[in-house]
Amino acid sequence: MIDQLRQTCRKLLEDGTVNVVIGYGHSGGGRNPAGQSTPDGPVHPVFITRPEDVDTLVWNDRCFANLTVYLTRKEIKALGKPAIIVKGCDERALVVLEQESQIDRSAMYVIGMACDGVGDPHALKCAVCDVHRPRTADIVIGETAADAGNPEARYADLDAFLTKTPAERMAYWTEELARCVKCYACRQVCPLCYCERCIVDKNRPVAIDTSATLKGNFAWQIVRAFHLAGRCIGCDECTRACPAGINLRLLNQTLARAAEEHFTYRAGMDPETPPIIGSYSQTDEEDFIL
Amino acid sequence: MDNVYKPELMEVINVLQHTADVKSVRIRFWDPAATEKFSFRVGQFGMFSAFGSGESTFNICSSSTWKDYIEFCFRKTGKVTEILWQLDEGDTIGFRGPYGNGYPMEAWEGRDLIFIAGGIAMPPIRCAIWYALENRDKYGNITIVYGARTVGDLVFTGELEQWATHDRVRVVQCVDPGGETPEWEHEIGLIPHVIERANIPAENAIALVVGPPIMIRFTLPVLDKMGIGPQDIYSSLENRMKCGIGKCGRCNCGPVYVCKEGPVFSLEQIRNLPNDY
Amino acid sequence: MSDVISRQQLLELVDAWIAQDKRAIGPVAVGEDLHLFMSMSDSGQLAMEGYIRPQNSIKEFFFPRHEKIYRYHFKGHNIELEDVEPPATEQLIIGARPCDAAALPILDHVFNWDFKDEFYNQRRNATTVITLACATFDDNCFCTSVGLSPAAEQGSDALLLSIGDDGYEVRCLTDKGKALFEDKTQSSEKTGEVIDGPEKKFDPEPIGDFVRNNFENPVWQEIALRCLGCGVCTYSCPTCHCFDIVDEGTASGGARVKNWDSCQFAMFTQHASGHNPRANQIHRQRQRLLHKFGIYPEKFGAILCTGCGNCMRNCPVELGVLNSVEILREAATRNTGEGK
Numbered sequence: 001m002i003d004q005l006r007q008t009c010r011k012l013l014e015d016g017t018v019n020v021v022i023g024y025g026h027s028g029g030g031r032n033p034a035g036q037s038t039p040d041g042p043v044h045p046v047f048i049t050r051p052e053d054v055d056t057l058v059w060n061d062r063c064f065a066n067l068t069v070y071l072t073r074k075e076i077k078a079l080g081k082p083a084i085i086v087k088g089c090d091e092r093a094l095v096v097l098e099q100e101s102q103i104d105r106s107a108m109y110v111i112g113m114a115c116d117g118v119g120d121p122h123a124l125k126c127a128v129c130d131v132h133r134p135r136t137a138d139i140v141i142g143e144t145a146a147d148a149g150n151p152e153a154r155y156a157d158l159d160a161f162l163t164k165t166p167a168e169r170m171a172y173w174t175e176e177l178a179r180c181v182k183c184y185a186c187r188q189v190c191p192l193c194y195c196e197r198c199i200v201d202k203n204r205p206v207a208i209d210t211s212a213t214l215k216g217n218f219a220w221q222i223v224r225a226f227h228l229a230g231r232c233i234g235c236d237e238c239t240r241a242c243p244a245g246i247n248l249r250l251l252n253q254t255l256a257r258a259a260e261e262h263f264t265y266r267a268g269m270d271p272e273t274p275p276i277i278g279s280y281s282q283t284d285e286e287d288f289i290l
Numbered sequence: 001m002d003n004v005y006k007p008e009l010m011e012v013i014n015v016l017q018h019t020a021d022v023k024s025v026r027i028r029f030w031d032p033a034a035t036e037k038f039s040f041r042v043g044q045f046g047m048f049s050a051f052g053s054g055e056s057t058f059n060i061c062s063s064s065t066w067k068d069y070i071e072f073c074f075r076k077t078g079k080v081t082e083i084l085w086q087l088d089e090g091d092t093i094g095f096r097g098p099y100g101n102g103y104p105m106e107a108w109e110g111r112d113l114i115f116i117a118g119g120i121a122m123p124p125i126r127c128a129i130w131y132a133l134e135n136r137d138k139y140g141n142i143t144i145v146y147g148a149r150t151v152g153d154l155v156f157t158g159e160l161e162q163w164a165t166h167d168r169v170r171v172v173q174c175v176d177p178g179g180e181t182p183e184w185e186h187e188i189g190l191i192p193h194v195i196e197r198a199n200i201p202a203e204n205a206i207a208l209v210v211g212p213p214i215m216i217r218f219t220l221p222v223l224d225k226m227g228i229g230p231q232d233i234y235s236s237l238e239n240r241m242k243c244g245i246g247k248c249g250r251c252n253c254g255p256v257y258v259c260k261e262g263p264v265f266s267l268e269q270i271r272n273l274p275n276d277y
Numbered sequence: 001m002s003d004v005i006s007r008q009q010l011l012e013l014v015d016a017w018i019a020q021d022k023r024a025i026g027p028v029a030v031g032e033d034l035h036l037f038m039s040m041s042d043s044g045q046l047a048m049e050g051y052i053r054p055q056n057s058i059k060e061f062f063f064p065r066h067e068k069i070y071r072y073h074f075k076g077h078n079i080e081l082e083d084v085e086p087p088a089t090e091q092l093i094i095g096a097r098p099c100d101a102a103a104l105p106i107l108d109h110v111f112n113w114d115f116k117d118e119f120y121n122q123r124r125n126a127t128t129v130i131t132l133a134c135a136t137f138d139d140n141c142f143c144t145s146v147g148l149s150p151a152a153e154q155g156s157d158a159l160l161l162s163i164g165d166d167g168y169e170v171r172c173l174t175d176k177g178k179a180l181f182e183d184k185t186q187s188s189e190k191t192g193e194v195i196d197g198p199e200k201k202f203d204p205e206p207i208g209d210f211v212r213n214n215f216e217n218p219v220w221q222e223i224a225l226r227c228l229g230c231g232v233c234t235y236s237c238p239t240c241h242c243f244d245i246v247d248e249g250t251a252s253g254g255a256r257v258k259n260w261d262s263c264q265f266a267m268f269t270q271h272a273s274g275h276n277p278r279a280n281q282i283h284r285q286r287q288r289l290l291h292k293f294g295i296y297p298e299k300f301g302a303i304l305c306t307g308c309g310n311c312m313r314n315c316p317v318e319l320g321v322l323n324s325v326e327i328l329r330e331a332a333t334r335n336t337g338e339g340k
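Chains as they are written, first to last, in our numbering: chain S, 1 to 290; chain E, 1 to 277; chain Z, 1 to 340.
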């Protein structure tokens, strides 16, 4: 798979189809004497502008990052037309970003990687994944043996959590969110958090305290979850990035499930289905106030 | 416990509006003992509090020889200045300071002084002008060049007239072409051009230039042509500040903390600063 | 001959401390793979060993992530200010690593630079730091590159060194350390294990020279491209100390507070006029490395980094100081290689 990936990228750069390949690579530690990345050492995002550098690209079960987050960052946009490497989960972000007019899908080349799962053991999202094979990419590399994820199990941890009483749940979140330091890693790794000026950075008026108090932390996390309602694609990068180990996945799942239950909608699954927050239909069910 | 972040409470004793969005405020310490203890050097700045909104950084624009009050001047731009705009006599604000290094007025004794200010940048120079006038014998000829985009943008216009009446003081006021009114009697032109035309003697001069970066950029070559060296040209920089005392890590330009080693720098020093402001 | 204490006795010491209504802080297991320094309610929570190091630092117990510096009350036209004292509670930090403790004398410089921050100083005075010498390290550790080591003593009141069998050699380094362990240790033939630590990965002096003299070098873009500006590195760093001051309150009053801030945030240096001297992640990454290796050593004679590796472990895109310095080093060698 890696050879095909490197070949494809080399050609894209050589014939000028793209100016930069956004992919996964290694730090210096994992290089063989020929300068090629070797399958050890931490994996991180790379931005390849020269065809000869494509040998630094890697593909393995440590390709955690959701690279679509870079498509809305100005430092990366300045590099020119991109080719971007996506897993099936990452790809969902592309769909949402285009529906929200943040990217021009035709102005990039999407390389989908068939993926059996990341992490060792596999991340929670992988066991219930039903997008192991990217669906809208310009090219898909590799085949995947993983079965389609079990839809029943998609919200299993949420269901388990909801058996607790409200008081227990509040105690749980109080303990979790007490550890939040307001580093905003959750926001910065999220491809859908692309606002030029986030609501927590606004000070006329101050809508959310910047302080890392319980009040400030609850306000921040709940508002962010709500701003992602019907938009979060479940890549769980926020949960991985959080230095305090807060179970953000659970928070985002709550709203994702609400979107699925009430609107039969899952963000980023179908480019043709209009986003639920961004659209209105006369046939919308209304058993609650939106 | 000695709290370096805690301001003194100040009473507003006068508010003067200069333009559509610029006011200056005169304040004095509520606590007379604080007035006794307080002194500063012209060119230093303070952190001024609008409690509930935050603090803003302004130069103290009054002379250090005026003992009973201090003054600051601001443009209504953001969250804190919006609240400061509402101030009335009798209101209370906070003040922390004086911070920063101030102008080297002692080192400038015996020299001619050329003050050049653009727009809202007159207040940081005003304090030095008054100080020099109050110590008239110590300084040579004083030239003040002050310009703004339009007549409506000039501040402290009453004092400009006053300064021109002092001994060996020449005041050159200007507005950008198109910024004049029919009654305008003074110069019309961009500040660098006006300085060139003004033929100011410069053999023994110190120049203090404060204004927007673009004005400074085009003024410096003119001063250079006049023969004023970079060690004799000074400016007052500004940068975003929060603590004002060198701890919060925000205002540094490379290795130099504007709040501690500035805000007053010679051109020689500014040229050594990285492009971080 | 050395002084030793058993693990059981150490835990009893911690419980005794807590029983006196004092605060005991140590590494606590949070979930499977995560340890964080936290306040403990009993010694059973203490999880000192079995992993490299906690993924946060102890700076929050001297320089909290949020603290009130005074209160203000609106009384008609008037304003009343009310002092806030930092809590006078004595603190015991147990199980800090040498890279945590060494950060404290480094931070002392900036918090006492002409103006003394008493919020910080009072907490420093009220805290006893018991450091556990490291018995292991990983690829992210680089304390030996910044002048420290797995058993470095700077900033510690006492150093614990494992003697196996659930016991530790105790080396009291200050009066506070001696006061804590007085009559609590026994003599022993055993001495604690001291390991060499990671091999030195770089020399900080040429790095300092490079960052001071290469403000416009394109290498900063190389480093910063993947940085997402998230602030995790600065918040989990034992020596990063940038902060924000804001007012929080209602129409009747509130408090002025000091909160952690990060030079990596886009708004950090934003002026009210809209101008931002560091508008780009490239500028912001440059500021961080320049501050750590160039500015702070120049001003205070100390590198603003203890090589703990938290930035590396926590960074979602595998950046962090060591990775960045390695890129700088390559660039520096390229520079000198070109006919210097």
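It is possible that some hints are incorrect.
[To be verified] Taking lysine-lysine and the DSS-like style, the derived pairs with C-alpha atoms no more than 27 angstroms apart in a straight line are:
{"hint": "1", "chain 1": "Z", "residue 1": "Lys190", "chain 2": "Z", "residue 2": "Lys176"}
{"hint": "2", "chain 1": "Z", "residue 1": "Lys75", "chain 2": "S", "residue 2": "Lys215"}
{"hint": "3", "chain 1": "E", "residue 1": "Lys79", "chain 2": "Z", "residue 2": "Lys176"}
{"hint": "4", "chain 1": "E", "residue 1": "Lys67", "chain 2": "E", "residue 2": "Lys6"}
{"hint": "5", "chain 1": "E", "residue 1": "Lys76", "chain 2": "Z", "residue 2": "Lys75"}
{"hint": "6", "chain 1": "E", "residue 1": "Lys79", "chain 2": "Z", "residue 2": "Lys68"}
{"hint": "7", "chain 1": "S", "residue 1": "Lys77", "chain 2": "S", "residue 2": "Lys215"}
{"hint": "8", "chain 1": "S", "residue 1": "Lys164", "chain 2": "S", "residue 2": "Lys74"}
Calculated from the structure, these hints are not laboratory results.
Everything numeric in this text was worked out from a predicted model, so none of it was measured.
These are the hints, each one checked on the structure:
A distance of roughly 24 angstroms separates the Cα atoms of Z:Lys190 and Z:Lys176; the hinted pair therefore holds under the 27 angstroms criterion. A threshold of 27 angstroms between alpha carbons decides the hint, and for Z:Lys75 with S:Lys215 the separation of about 26 angstroms falls inside it, so the pair holds. Distance hint between E:Lys79 and Z:Lys176 is unfulfilled; the C-alpha atoms sit about 46 angstroms from each other, more than 27 angstroms. This hinted pair checks out: E:Lys67 and E:Lys6 have alpha carbons roughly 22 angstroms apart, not beyond 27 angstroms.
A C-alpha spacing of about 25 angstroms is found between E:Lys76 and Z:Lys75, which places the hinted pair at or below 27 angstroms, so the restraint holds. Of the pairs offered as hints, the one joining E:Lys79 and Z:Lys68 holds, with about 21 angstroms between alpha carbons and a cut-off of 27 angstroms not exceeded. Between S:Lys77 and S:Lys215 the alpha-carbon distance is near 36 angstroms, which puts this suggested pair outside the 27 angstroms criterion. Note on S:Lys164 and S:Lys74: the hinted pairing is violated, with a Cα-Cα distance of about 44 angstroms set against a maximum of 27 angstroms.
When the structure is compared with the earlier hints, violations turn up for hints 3, 7, 8 and for no others.
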